[in-house]
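**Student:** Chain by chain, the residues run as shown.
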Amino acid sequence: MSLLNVKLPGLDLKNPIMPASGCFGFGREFSQFYDLSSLGAIMIKATTPLPRFGNPTPRVAETSAGMLNAIGLQNPGLEKVLTEELPWLNQFDVPIIANVAGSSEEDYIEVASQISKASNVHALELNISCPNVKTGGIAFGTIPEVAKQLTKKVKEVSSVPVYVKLSPNVTNIVDMALAVEDGGADGLTMINTLIGMRLDLKTGQPILANRSGGLSGPAIKPVAIRMIYEVSQHVNIPIIGMGGIQNAEDVIEYFYAGASAVAVGTANFVDPFICPKIIDELPSLIEKLGFDHISECEGRSWRKHERLTYHRG
Amino acid sequence: MSLLNVKLPGLDLKNPIMPASGCFGFGREFSQFYDLSSLGAIMIKATTPLPRFGNPTPRVAETSAGMLNAIGLQNPGLEKVLTEELPWLNQFDVPIIANVAGSSEEDYIEVASQISKASNVHALELNISCPNVKTGGIAFGTIPEVAKQLTKKVKEVSSVPVYVKLSPNVTNIVDMALAVEDGGADGLTMINTLIGMRLDLKTGQPILANRSGGLSGPAIKPVAIRMIYEVSQHVNIPIIGMGGIQNAEDVIEYFYAGASAVAVGTANFVDPFICPKIIDELPSLIEKLGFDHISECEGRSWRKHERLTYHRG
Amino acid sequence: MIKQENCLVVDQLEIADSIYKLTLQGELVTEMNNPGQFVHIRVGDESGPLLRRPISISSIDRSKKQFTLVFRKEGIGTSKLKDKVPGMSVDVLGPLGNGFPVNETESGGTALLVGGGIGVPPLLELSKQLTANGVKVIHVLGFQSGNVVFGEEEFSKNGETYVVTVDGTFGYKGYVTDVINQYQIDFDSLYACGPTPMLKALETRFSNKKVFLSLEERMGCGIGACFACVCHTPEDETGYSYKKVCTDGPVFRIGEVVL
Amino acid sequence: MIKQENCLVVDQLEIADSIYKLTLQGELVTEMNNPGQFVHIRVGDESGPLLRRPISISSIDRSKKQFTLVFRKEGIGTSKLKDKVPGMSVDVLGPLGNGFPVNETESGGTALLVGGGIGVPPLLELSKQLTANGVKVIHVLGFQSGNVVFGEEEFSKNGETYVVTVDGTFGYKGYVTDVINQYQIDFDSLYACGPTPMLKALETRFSNKKVFLSLEERMGCGIGACFACVCHTPEDETGYSYKKVCTDGPVFRIGEVVL
Ligand SMILES: Cc1cc2nc3c(=O)[nH]c(=O)nc-3n(C[C@H](O)[C@H](O)[C@H](O)COP(=O)(O)OP(=O)(O)OC[C@H]3O[C@@H](n4cnc5c(N)ncnc54)[C@H](O)[C@@H]3O)c2cc1C
Ligand SMILES: Cc1cc2nc3c(=O)[nH]c(=O)nc-3n(C[C@H](O)[C@H](O)[C@H](O)COP(=O)(O)OP(=O)(O)OC[C@H]3O[C@@H](n4cnc5c(N)ncnc54)[C@H](O)[C@@H]3O)c2cc1C
Ligand SMILES: Cc1cc2nc3c(=O)[nH]c(=O)nc-3n(C[C@H](O)[C@H](O)[C@H](O)COP(=O)(O)O)c2cc1C
Ligand SMILES: Cc1cc2nc3c(=O)[nH]c(=O)nc-3n(C[C@H](O)[C@H](O)[C@H](O)COP(=O)(O)O)c2cc1C
Ligand code: FES
Ligand code: FES
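Protein chains in written order, with our numbering: chain A, 754 to 1066; chain B, 754 to 1066; chain C, -9 to 249; chain D, -9 to 249.
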């Protein structure tokens, strides 16, 4: 265990593995399979002020080494999350990262200020990058100045550190990262999904009712790795990396690129035990590679091997 | 055959299938396998004013359902292409689309003005989107106004229609498309590769000597489909689509999205016979789907079924 | 409890054109309760295909710890599944969802089982269990064409069985509802699985009856976590209220969800 | 001529730790000329892995239209390749490239064949053909450790064979060059295949000799079209002049390319 502990703003993690937002609901289903306390943290499903049904179905489609989703931020709304989901999660010894979404600045501020007060919410993940909602969401995620202002406002009301989730659908990811860092972000999570589409051979129409959707899974890993590699060299805040992680080797690759922790999304659908499996496999892989602690892998693709301090427990 | 003929600016194609630039050299190698005259067209390797060696090796790496390349526009230079490659290609009854690259406006102008005079070059493909060269290339591909100006200048000197190849690594692909259309482009080709990276588990270093590279193959198909779907609804010039095409079904999906012809890249490495195979399989697939001609598939994902005229032979 | 298990392939057989019957063996059979549940199958390896495929459990043999799936070769996933031969193993997650409520039909009552195409398989175990409970079962099985008809013989063992094909190349010509109308089939409860238009027709026709419908939807997780498979409820057709096909279904009582 | 063919798997055998010998049968055997050529193998299907894998031809049996490959299970591709069992088929593109020039050593002369690890296999066919030409062959085969040693017996049939392991757990301890130095092995020509550091050492040591080196490089197409596998030539180390490993090589004369 001592090979895996990681300290990030607001987050004292026994290991750097957590399910990604939207791929784990609020944990209930996966608690049938294993003890959620074994996870480093849990990124819960995006929460909006009011309940949302989301988009019409079909909402998912498979692609080569990936999947498209257009769930549309379905969630029970802030109140239920506060009164039912978070209290239920309290039985586990695991920090929660609350994914905050909305279609206006006010939405974000409302959810952030309230949800950050919940005792087991140790950090927020500001979802400015959801490709599947018509208003808001993506706009905040593509214009640096807009993202910065939103980050600032949310920081003002949040009782816990704020991580901003970046969209890969931009020309210059470094500009976005610097803007939200400038806005006061305590960390970054990246990447959200790429925008994609699949058409049905018989009808010619998109398979997703929402037409386009977010591409996740192994297909996008090289895009994520490159973006984290770029961004981690330019910012001074930690990055939680995600995109196509399927095994312990992928986790190490993310650390090499510059991530300080990782999230596993789509792979939870393929193998419900994937997170504990990876947590199990990591220590021996780290030793095999000749490291004493996972944080030694961090930024190896570009960093001179100076001592890393801030994440060690 | 009559199901497949397509007419685009400068291009009278017996079928809409052509190898993508950089994945077919100048055709010599593939001429061992089949008669190049069976192809709709050939997009030859990027040509720069002077010969280029390109990047150090390793230049390719595999990813899930994709590959990264950082060839770096290796090519024998304009003169050799004019005196050796194009004359050699003249033995085949197939129009050539010359991929034009460079690191400055002057480079593009020089190559475009000269190569467009070759008798078998029926169109240019302006490569403003190569992710693997340090100067030029990508800059032209991400700023609409810069792209527009370059398109304008190249149009002025080109003796044949000019297609502009768009990069997917932008926030707003429609803006880019509209800008080059405004600059006088006769058509678009899209997409070039996404920027990506893979790190070696043992060394922590990127597998590619160039560090990052361009992601191609089935992994990127949903991204390409979505971009063509968006762009084709906004421009009045035809699109040659590409990205991960592996079979006749994929071709139809590209047409549904809004493409008027397609190019096959990476799949040529997997199966050297892929282009003729697809050309063979298309007619029966088109009939099975209930169409009389491939152009009837065009834009079906968004178009009211009005009569399509401009591409029909 | 849901299990994930590498089940042993015991048998693989093409029983009609592109229709395969796969027999698997594993401990998770002990967890299977009611007919109409499904399993989520990983047909590939790390190379893909990525997502699992949902397939209904067609029959259960508790003593041998075996169960069968009947599936149609559709796309890449089911093509890979049909290539599994005895001795290989298949990664199965299940049993999932809530199946047909067998006890809703009392002993001595009559149940009408209506299947359309690849919706027929889960009715087989249902038919067995109903029969075992002393329920009289009548089956109406609809297919596109004669070449894809399967199961007639097995169903006939349990009760009256009408086969109907859209093109009339086998059995009666027409749709399942045509046969039900023509023969004025009477029943206490109706259990159905098949394409949505068929389910809708049954819903309209028998809105006053005790009807249970098994739905299909594209799935991500299959266990209720991803919200891929939701449907609206009739009380609140455009609102937030919802049911998940994977965990609340796939079988719903008539009127419980909007088709 | 290069062919693409679904070759039949005749045999698959683990001959050392994670080292497999695969025997394939196909018409393309008739196209194989010189030892040291390679084939490009599609190990997967539409689900991936995407790219072909280059593997050297290890031995050729023209009469049976069979050839063997010897490969190390490395990553995802070779793992899939090792799972191919007799009766299956494998999509092979080949033969590719230019192999070792057998005729560069005259009958009666002596050839030294130096292999490192997974560079050993192509030397087997070379050894056979040289022997058949009346050339005396000496083999120096280097491996990491005893558990991955293979081929000693087969090579010994043709001539003197020294096996050397880095950790000394089999044969001599050290590197291939240590053995060559220690036993002052004399030869008219040297043929080598193995890791680049080994080839470099040989190049430096025997710069005045007739030497042929087989190179490895990451490949895209394997047929000369993609420019993935180029290397510089010594006349023009930073310039435009180049050779492609896949078509100009993989075997080069010493000094022809920059290692
Ligand atoms: C609860 C449930 C029970 C089912 N039971 C059976 C059964 O017993 N026998 C049978 O033949 N089929 C059944 N299906 C349909 C079966 O899941 C699809 O035919 C199968 O997933 C197609 O996969 P593919 O890879 O061959 O097709 P592709 O079209 O290549 O699949 C691409 C993606 O779309 C999904 N998909 C495609 N068609 C469907 C569909 N009809 N329903 C849900 N997802 C789909 C796939 O799962 C995959 O993620 C069931 C579906 C559900 C939801
Ligand atoms: C001309 C030539 C001849 C070869 N002959 C043999 C042989 O006879 N026996 C043998 O065991 N190996 C041989 N190799 C090496 C063999 O190609 C690699 O071990 C194999 O490609 C690894 O694939 P993988 O999927 O298992 O590994 P992965 O690491 O998963 O492969 C990922 C990608 O990298 C490429 N790659 C990885 N290692 C190498 C390498 N060393 N050389 C080239 N590409 C690589 C793969 O082809 C694939 O595209 C040869 C290589 C070349 C270029
Ligand atoms: C079905 C699904 C739902 C998702 N919902 C959310 C969400 O609510 N909020 C969010 O920030 N990201 C959401 N994501 C994005 C993931 O958190 C993650 O960033 C992305 O899927 C890449 O990781 P992966 O490739 O491991 O899935 C969702 C992804 C999927 C597949
Ligand atoms: C090895 C390689 C070299 C390429 N070289 C060029 C090039 O010189 N010019 C260019 O415009 N595109 C180049 N491309 C991009 C392709 O033309 C194509 O846009 C891209 O690969 C997507 O198609 P695909 O997925 O079918 O490969 C290259 C792609 C690959 C894989
Ligand atoms: S499939 Fe994920 S919630 Fe039903
Ligand atoms: S591998 Fe493509 S040129 Fe050599």
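Derived by calculation from the structure, the hints in this document are not laboratory data.
In this text the structure is predicted, and so the values were computed from the model without any measurement.
The C-beta atom is built at its ideal place from N, Cα and C for all residues, glycine as well.
Just so you know, not all the hints are guaranteed correct.
[Unchecked claim] EDC-like mimics (lysine to aspartate or glutamate), calculated; alpha carbons at most 16 Å apart, straight line:
#1 K760/B to D788/B
#2 K74/C to D73/D
#3 K955/B to D1045/A
#4 K1041/B to D953/A
#5 K1041/A to D928/B
[To be verified] What follows is a set of in silico ranges between Cβ atoms, one per label pair, in the way DEER data are often shown:
#6 R964/B to N(-4)/C: 58 to 68 Å
#7 F160/C to R781/A: 28 to 38 Å
#8 N(-4)/C to L803/B: 51 to 61 Å
#9 K54/C to R1056/B: 50 to 60 Å
#10 N(-4)/C to Q134/D: 27 to 37 Å
#11 G1043/B to V899/A: 23 to 33 Å
#12 N(-4)/D to R1056/B: 18 to 28 Å
#13 K190/D to L803/B: 27 to 37 Å
#14 T956/A to E227/D: 37 to 47 Å
#15 E227/D to L931/A: 50 to 60 Å
#16 R964/B to T228/D: 49 to 59 Å
#17 Q134/D to D1033/A: 24 to 34 Å
**Student:** Does each hint fit the structure? Answer for all of them.
**Tutor:** Okay, the hints, checked on the actual structure:
no.	hint	result
1	K760/B to D788/B	22 Å, violated
2	K74/C to D73/D	15 Å, holds
3	K955/B to D1045/A	15 Å, holds
4	K1041/B to D953/A	14 Å, holds
5	K1041/A to D928/B	49 Å, violated
6	R964/B to N(-4)/C: 58 to 68 Å	40 Å, violated
7	F160/C to R781/A: 28 to 38 Å	46 Å, violated
8	N(-4)/C to L803/B: 51 to 61 Å	58 Å, holds
9	K54/C to R1056/B: 50 to 60 Å	55 Å, holds
10	N(-4)/C to Q134/D: 27 to 37 Å	34 Å, holds
11	G1043/B to V899/A: 23 to 33 Å	47 Å, violated
12	N(-4)/D to R1056/B: 18 to 28 Å	41 Å, violated
13	K190/D to L803/B: 27 to 37 Å	31 Å, holds
14	T956/A to E227/D: 37 to 47 Å	58 Å, violated
15	E227/D to L931/A: 50 to 60 Å	40 Å, violated
16	R964/B to T228/D: 49 to 59 Å	20 Å, violated
17	Q134/D to D1033/A: 24 to 34 Å	29 Å, holds
In the structure shown, a violation is registered for the earlier hints numbered 1, 5, 6, 7, 11, 12, 14, 15 and 16, in ascending order.
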